[in-house]
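Participant: Sequence:
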Amino acid sequence: MNYRSFYFISFIILFISCQTKPQEDSKFQEIIEEGYELVIPNEPIKGVVVLFGGYPEQASDIKREFDILEKAIENDVAILYSNFNQKIWLKQLEIETLAFEIKQALENYKLPRDNLHIGGFSSGGNVAVLLSNYLAGNAQIGIMPRGVFLVDSPINLKALYDNAELNIKRDFSEVSVEEANWLLQKFENTLGNPEDSVAKFEQYSVYTLQNQNVSNLRNLKNTKIRLYTEPDSLWWKENRQTDFVNTNAYQIQELAKVLNQNEFEKVEYLPSHQKGYRSNGNRHPHSWSIINQNDLLDWMLDP
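Per full-length UniProt numbering, residue 1 is the first one in the sequence shown, and the count goes up by one each step.
It should be emphasised that the hints constitute simulated quantities derived from the structure, not laboratory data.
Keep in mind that the hints are not guaranteed to be accurate.
Label pairs and their computed distance ranges (CB to CB) [unchecked claim]:
| id | residue 1 | residue 2 | range |
| --- | --- | --- | --- |
| 1 | Arg113 | Lys257 | 26 to 36 Å |
| 2 | Glu30 | His273 | 33 to 43 Å |
| 3 | Ser233 | Arg278 | 11 to 21 Å |
| 4 | Gly142 | Asn181 | 21 to 31 Å |
| 5 | Ser233 | Gly142 | 36 to 46 Å |
| 6 | Glu70 | Tyr277 | 12 to 22 Å |
| 7 | Phe100 | Glu188 | 30 to 40 Å |
Heads up, the beta-carbon is just placed ideally off N, CA and C, and yes, glycines get one too.
Modelling step: build the complete structure from the supplied sequences, incorporating the hints.
Facilitator: Printed below as a string of structure tokens:
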């Protein structure tokens with residue numbers, strides 16, 4: 001063997017060893033898959049939480065906006081940050097695909113199933129609830145969430161449609177009008193107009209206030225449920241000219257009442273005050289930051 005070959009082979013061995021060398025000072029391992037990013041504590045795992053972001057958010061965005069990683073690792077909780085996004089509601093095939101992906105992740109990385117929680121922000125909260133309801137109603141899948149939570153989610157699709165029409169008529173905020181036009185086009189291309197096909201809106205909604213329809217939560221009656229929101233009426237009025245009854249916070253407040261009336265005994269309605277800030281420091285009540293991370297982890301680990 002000549003010297004050139006020797007040094008080349010030595011370099012390759014060194015490169016491979018560097019790529020696979022464990023980080024001894026790390027308290028967790030991070031796994032990146034196409035559909036999700038998974039963070040697993042090195043200590044015995046006490047729980048697993050699956051997180052879904054808002055409409056445009058992927059795993060990296062959730063990490064940036066929801067600063068819970070360090071505290072979760074300290075409490076030996078694994079986090080699956082989902083890349084699944086751009087869905088306000090779910091079709092049956094999408095629910096089944098998500099269920100299969102989570103089941104595979106739990107199996108592939110030998111994660112415990114006895115303390116699984118699923119949560120999401122904004123449209124991701126809709127995904128979390130609808131998926132959890134499906135899992136809770138299909139015991140043969142073998143994944144039974146102990147708890148589910150949503151964060152200021154647009155749970156009522158008919159109200160979302162109606163509010164979009166109002167925002168266009170009001171024409172106060174460029175951001176609101178742009179989003180409203182996009183929403184109406186999306187609804188018209190998929191579910192239609194609620195005046196013509198309200199049944200479709202109810203079919204895919206987490207909840208419909210008009211007739212207090214909670215059928216898409218029926219399998220969660222014995223599951224812990226947390227409803228996070230920040231009902232900052234002043235912010236919405238000043239920045240969007242939006243009344244409280246036209247906010248996600250109002251729909252979530254009413255959902256909490258209806259669930260209690262229907263004997264959902266493990267429901268917690270958790271309104272925050274002046275906690276809504278984005279990672280860039282901007283004040284916004286529609287944010288991940290309205291969650292108290294320590295309290296959330298205590299809730300997850302409560303026997």
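Participant: Run the structure past the numbered hints and jot down the numbers of the failing ones, going up.
Facilitator: 4
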